Structure formats: C-alpha cells, structure tokens
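Q: The task is simple: from the sequences and hints, build the whole structure.
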Amino acid sequence: MEQKFTDLELIQQILNGETTQYALLVKRHQRFVFTLALRFAKNREDAEEIAQDCFVKAYRALATFKQTAKFSTWLYTITYTTAMTFLRKKQLDTSSIHDDETFIQLENHTSSLNANDYEKQNSHDFLNQAIGLLAPDDATIITMFYQGEQSLEEIGEVLHMQPNHIKVKLHRARQKLKEKLQLLLKDEVKELLWI
Amino acid sequence: MDLIEQQLWDYIDGNLDQIQAKFIEEKINAEPQFKIQYEELLQFSQKLEDLTLEEPSMSFTRNVMEDVASVPAPISLKTKIDTRVIYGVGGFLVLPILAILAFTAYNSTFTMPRFDFDLSFEVNKMITPTALYAFLFVDLVIGLIFMDYFFRNKSISG
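Residue numbers (my numbering), protein chains in the order written: chain R, 1 to 195; chain B, 1 to 158.
Because the hints were derived from the structure by calculation, they are not lab data.
Straight-line distance between alpha carbons at most 27 Å, and here's what the computed DSS-like set of lysine-lysine pairs gives:
#1 R/Lys57 <-> R/Lys90
#2 R/Lys42 <-> R/Lys57
#3 R/Lys4 <-> R/Lys57
#4 R/Lys70 <-> R/Lys57
#5 R/Lys178 <-> B/Lys35
#6 R/Lys42 <-> R/Lys90
#7 B/Lys47 <-> B/Lys27
#8 R/Lys70 <-> R/Lys27
#9 B/Lys22 <-> B/Lys35
#10 B/Lys47 <-> R/Lys27
#11 R/Lys57 <-> R/Lys27
#12 B/Lys22 <-> B/Lys47
#13 B/Lys27 <-> R/Lys178
#14 R/Lys42 <-> R/Lys169
#15 R/Lys169 <-> R/Lys70
#16 R/Lys4 <-> R/Lys70
#17 R/Lys186 <-> B/Lys47
#18 R/Lys42 <-> R/Lys89
#19 R/Lys4 <-> R/Lys27
#20 R/Lys42 <-> R/Lys186
#21 R/Lys178 <-> R/Lys42
#22 B/Lys154 <-> R/Lys90
#23 B/Lys27 <-> R/Lys169
#24 R/Lys169 <-> B/Lys47
#25 R/Lys169 <-> B/Lys35
#26 R/Lys169 <-> R/Lys89
#27 B/Lys154 <-> R/Lys89
#28 R/Lys27 <-> R/Lys66
#29 R/Lys186 <-> B/Lys35
#30 R/Lys57 <-> R/Lys89
#31 B/Lys22 <-> R/Lys169
#32 B/Lys47 <-> B/Lys35
#33 R/Lys66 <-> R/Lys4
#34 R/Lys42 <-> B/Lys47
#35 R/Lys27 <-> R/Lys42
#36 R/Lys90 <-> R/Lys169
#37 R/Lys169 <-> R/Lys186
#38 B/Lys47 <-> R/Lys178
On a predicted model such as this, the values are computed, not experimentally measured, just so you know.
A: Structure, rendered in structure tokens:
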C-alpha cells in the first residue's frame, strides 16, 4: 500500500483534499529525516522534535512545492534549515574534535566504551558515533550522500552550495570521519576497516 | 588529503569520465600500493553505505498527523489563485499608467529644453558653517553606526 503511489502522486492527492495520505509520505521519509535531525541534535528527544517540526512545515508549504524536483530533496532542505535553527537556538556545542572540551568528551566516551566492552559494539555504532563527532555540515553531507542517496547536485541544492564545493567537502568530511574513527577506536579501526 | 586518495574517491563515487576511470583502473591493477589504498577506501565506503537509518518512536507518524490536523489543509496553488483577480489587479495598475502616458503624449510638443551647463561655482560660498555642521553631523552618525556594528560583532564572537 505504502509504495503503491509515488511521492508526487501522494502530494497531488493531498492537495486534492485527501489529507490522510500525508501519513504515507511521513512513514516513507521519517527514518531519514529523523537520522538527519539526530546528526544535529545528538539526542533522540530533540531529534524527534525537529523531525516532527519538519513534517509539519512541509505540510504547510506543500502547495508551494515545485514538482519538478524530488520531494525528498525539498524535504531535506526543510530538515537542514530546521535543524540549523534548532542548533542556533539551543547553542549546542558544534566545535570540532580538536577543541579541548570535545577531547574530554571523547576521552570519557572512549573510557566508557572500554568499560562496556568494545566487542559488543558493531561497526555501525562506531561509525554513527564518529559521524556524530563531525561538524553538522560534514555529518549532513555524509548522511545525505550515503544514506539519503542524494547526488552532489541535490546536496548542493539543500546546502545552497555548488556541486563542486560539495564534492570537496565530501572528500574532507570522509577524511575527518576516518580521523575521528581512529581516535575513537585507536587500534580497533584497522579491524573495522578490514572486516 | 593527497591527490591519489582524491582520485580514488572520485573513482569509487563514479565522478570520473570513462578515460579517467580507465586510467585509475589500470593504475589499481598495476600498482599494489595503490590497490591496497583503493580496497581500504572501498571498504570504508561500503561501511558507510551499509549504515542503517535510525528509527523514530512508534508514535511518530501519529504525532505528526495530530499536529497537522490543526493546520489548514494545503490546497493546490492552481486552485487557490484565481487568474481573474490577477488580471483585474494588473489592469487596475496598468490602465492609469497608460492614461498618464497618453495624456502626456497628447499635450507634449516633443521639443527638448536647452541645457545650460554652467559648472563654475565658488567654493568659499559653499563652505558655510551650516554645511560644515551638517558634514560633521553625518560623520558622527556614520561613526556611531560603525561603532555599533563593531561592538555588536565583538560581543557575538566573544
């Protein structure tokens, strides 16, 4: 039922008055929007609040959606803007890992991981943790490229940047991600990369 | 990031044209060190692709639908915009402009007045105390605006 209609068909139905169909759109995109929000908010409650806010904003503005672009790209633009606004409001610490404070956080985090036994964690957890340590823009680019399956052009559209700029930023983000993984896992990173 | 790594990422991401891709492919097959680096990056890329999306709470969709229930339903812009209203407003604005133009054209003799470019002026007469005070006042205002901008930026960055 959920995949019966395309995004554009569902939007058309909603604009024609079948507003309950919006639930299908939400179900289809909620996981990615929530994941993206989580890259900014760092905790599930805030991320859920951001994601919910995004879907309400998207609903309000649905009539202005130009159906020439992908709905997902348009929705991710709203998510990015909402999450950035949230960050500004909350004034969360978005500094890089090179800051002393982040080092402390990372050290604490690493020691707690030691206590909880690394072996119980899988590579996804470590990767997600490392992505969480990136600057929001870098985390967004990585998430959109790999999990959102968005092209460089589409990511550029969301972040208001040229595709070439996004390409460079993606390269750098991956580099930083590797560095953070190395810091996070120390010796275990080699194992992770070669599993 | 070194150039080799960048080339390899471009190859993995599929950002290279056929000739460039073939060049990298040959290099991977020919140079063992290059191949090791390629495989490492490929594994890393694969891990990123395999990352699963986070799942929000079970009640997420329901919460969103409850929220949107209080929002006016979106209506297609095609339905919302009545073209007659647009043409009416346009006509209301354009007609007076056309009327003024027609009136001006009707009453005009289409002759241009002579311009007298007398650019000689006496500086002494222009620099009066009033002009000086006005000049200093404008300077003061600009200075205050600049100071406000400067301190505001400083407080934000600090």
